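Enquirer: What follows is each chain in one-letter form.
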Amino acid sequence: EDKVVQSPLSLVVHEGDTVTLNCSYEVTNFRSLLWYKQEKKAPTFLFMLTSSGIEKKSGRLSSILDKKELFSILNITATQTGDSAVYLCAPTGGTSYGKLTFGQGTILTVHP
Amino acid sequence: NAGVTQTPKFRVLKTGQSMTLLCAQDMNHEYMYWYRQDPGMGLRLIHYSVGEGTTAKGEVPDGYNVSRLKKQNFLLGLESAAPSQTSVYFCASRGGGGNQPQHFGDGTRLSIL
Chain L
34 EDKVVQSPLS LVVHEGDTVT LNCSYEVTNF RSLLWYKQEK KAPTFLFMLT
84 SSGIEKKSGR LSSILDKKEL FSILNITATQ TGDSAVYLCA PTGGTSYGKL
134 TFGQGTILTV HP
Chain Z
126 NAGVTQTPKF RVLKTGQSMT LLCAQDMNHE YMYWYRQDPG MGLRLIHYSV
176 GEGTTAKGEV PDGYNVSRLK KQNFLLGLES AAPSQTSVYF CASRGGGGNQ
226 PQHFGDGTRL SIL
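Sequence order for the protein chains is L and Z.
Mind the numbering: the first sequence is residues 34 to 145 in this note's numbering, read in order.
Mind the numbering: the second sequence is residues 126 to 238 in this note's numbering, read in order.
In case anyone wonders, no lab produced these hints; they're calculated from the structure.
Honestly, I wouldn't trust all of these hints.
[To be verified] For lysine-lysine, the following DSS-like pairs were computed, each having C-alpha atoms within a straight-line distance of at most 30 Å:
#, chain 1, residue 1, chain 2, residue 2
1, L, K100, L, K89
2, Z, K195, L, K36
3, Z, K196, L, K100
4, Z, K139, L, K101
5, Z, K139, L, K100
6, L, K90, Z, K196
7, Z, K195, L, K132
8, L, K73, Z, K182
9, Z, K196, L, K132
10, Z, K134, L, K132
11, Z, K196, L, K101
12, Z, K139, L, K36
13, L, K90, Z, K195
14, L, K89, Z, K195
15, Z, K182, L, K74
16, L, K132, L, K74
[Said to hold, decoys possible] Chain L is nowhere near these chain Z residues, computed Cβ spacing over 10 Å in every case:
#, residue
17, V137
18, T140
19, G167
20, V185
All of these numbers come straight from a predicted model, not from anything done at the bench.
Backbone N, C-alpha and C define an ideal beta-carbon position, used for all residues, glycine too.
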């Protein structure tokens with residue numbers, strides 16, 4: 034059975050801090066790993082990672098995948114209150130329909 | 126560009142009532158999905174569709190039915206609602222061919238009394 038574990042489950046920081054969110058996974062026929070940010074409504078897509086060691090960056094956010102150790106990290110530098118959200122990790126396996134297995138998410142709260 | 130649109134946004138039902146949730150996407154995506162999100166459980170796949178006229182069961186399909194008569198629409202039905210179906214329901218779609226991300230609608234918050 035596919036399994037995804039995110040840690041920590043919740044995190045409270047102050048603006049300007051740097052945070053690291055973790056995602057470990059066990060997925061049959063792994064193809065890629067996706068990160069989403071969920072505020073009050075729809076999860077919004079952040080990154081898709083398919084290869085080990087290649088960092089994806091978007092502004093203050095970056096992510097990297099380790100396919101040997103089966104984990105990914107999402108880093109956020111110089112956090113802002115607008116970064117407060119639930120961050121979801123979802124690896125996808127080799128099914129024909131692009132099955133995503135979601136972790137529970139990390140609740141990030143950034144205080145001013 | 127509307128993306129993925131879900132209707133309604135909120136609904137309260139009594140046990141035993143039926144209803145249909147509508148998902149519409151304007152991105153010409155082949156694949157569509159219905160998830161439910163519960164506290165502490167993450168997003169779980171209910172049903173999915175790989176194209177017009179096709180549907181299949183996901184991880185938690187019991188008590189739900191779906192239809193995809195048109196490519197842009199994916200309907201989720203509850204024939205006889207139960208309190209255990211109280212949840213937030215999300216629809217998603219993605220394009221075909223290789224690694225593509227799923228794009229989500231804003232969700233429908235459903236309460237069954």
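Enquirer: Does each hint fit the structure? Answer for all of them.
Expert: Hints and how they fare:
1. Our distance criterion of 30 Å between C-alpha atoms is met by K100 of chain L and K89 of chain L, whose separation comes to about 15 Å.
2. Our distance criterion of 30 Å between C-alpha atoms is broken by K195 of chain Z and K36 of chain L, whose separation comes to about 33 Å.
3. Distance restraint check for K196 of chain Z and K100 of chain L: the Cα-Cα separation of roughly 35 Å exceeds the 30 Å cut-off, and the hinted pair is therefore not satisfied.
4. Only pairs whose Cα atoms come within 30 Å are accepted, and K139 of chain Z paired with K101 of chain L is rejected, the gap being roughly 49 Å.
5. For a cut-off of 30 Å, the pair hint linking K139 of chain Z to K100 of chain L is broken: about 47 Å separates their Cα positions.
6. Between K90 of chain L and K196 of chain Z, the direct Cα distance comes to roughly 34 Å. Violation of the 30 Å bound is thereby established for this hinted pair.
7. A distance of roughly 22 Å separates the Cα atoms of K195 of chain Z and K132 of chain L; the hinted pair therefore holds under the 30 Å criterion.
8. Distance check on the hinted pair: K73 of chain L and K182 of chain Z sit about 27 Å apart at the alpha-carbon level, within 30 Å; holds.
9. Note on K196 of chain Z and K132 of chain L: the hinted pairing holds, with a Cα-Cα distance of about 19 Å set against a maximum of 30 Å.
10. Between K134 of chain Z and K132 of chain L, the direct Cα distance comes to roughly 25 Å. Compliance with the 30 Å bound is thereby established for this hinted pair.
11. Between K196 of chain Z and K101 of chain L, the direct Cα distance comes to roughly 39 Å. Violation of the 30 Å bound is thereby established for this hinted pair.
12. Simply put, K139 of chain Z and K36 of chain L have alpha-carbon atoms about 34 Å apart, too far for the 30 Å limit, and the pair is violated.
13. Distance check on the hinted pair: K90 of chain L and K195 of chain Z sit about 37 Å apart at the alpha-carbon level, beyond 30 Å; violated.
14. With a C-alpha separation of about 36 Å, the suggested pairing of K89 of chain L with K195 of chain Z is violated against the 30 Å cut-off.
15. For the hint pairing K182 of chain Z with K74 of chain L, the CA-to-CA distance comes to about 25 Å; that is within 30 Å, so the pair holds.
16. Distance hint between K132 of chain L and K74 of chain L is fulfilled; the C-alpha atoms sit about 21 Å from each other, no more than 30 Å.
17. With 10 Å as the threshold on Cβ separation, the claim that V137 of chain Z sits away from chain L holds: the shortest Cβ distance comes to roughly 19 Å.
18. At roughly 27 Å, the least C-beta separation between T140 of chain Z and chain L is larger than 10 Å, which holds for a residue marked as non-interface.
19. Chain L draws G167 of chain Z into its interface by the beta-carbon criterion, the shortest separation being 4 Å against a cut-off of 10 Å.
20. The claim that V185 of chain Z is not at the interface with chain L holds, since no C-beta of that chain comes within 10 Å of its own (minimum 13 Å).
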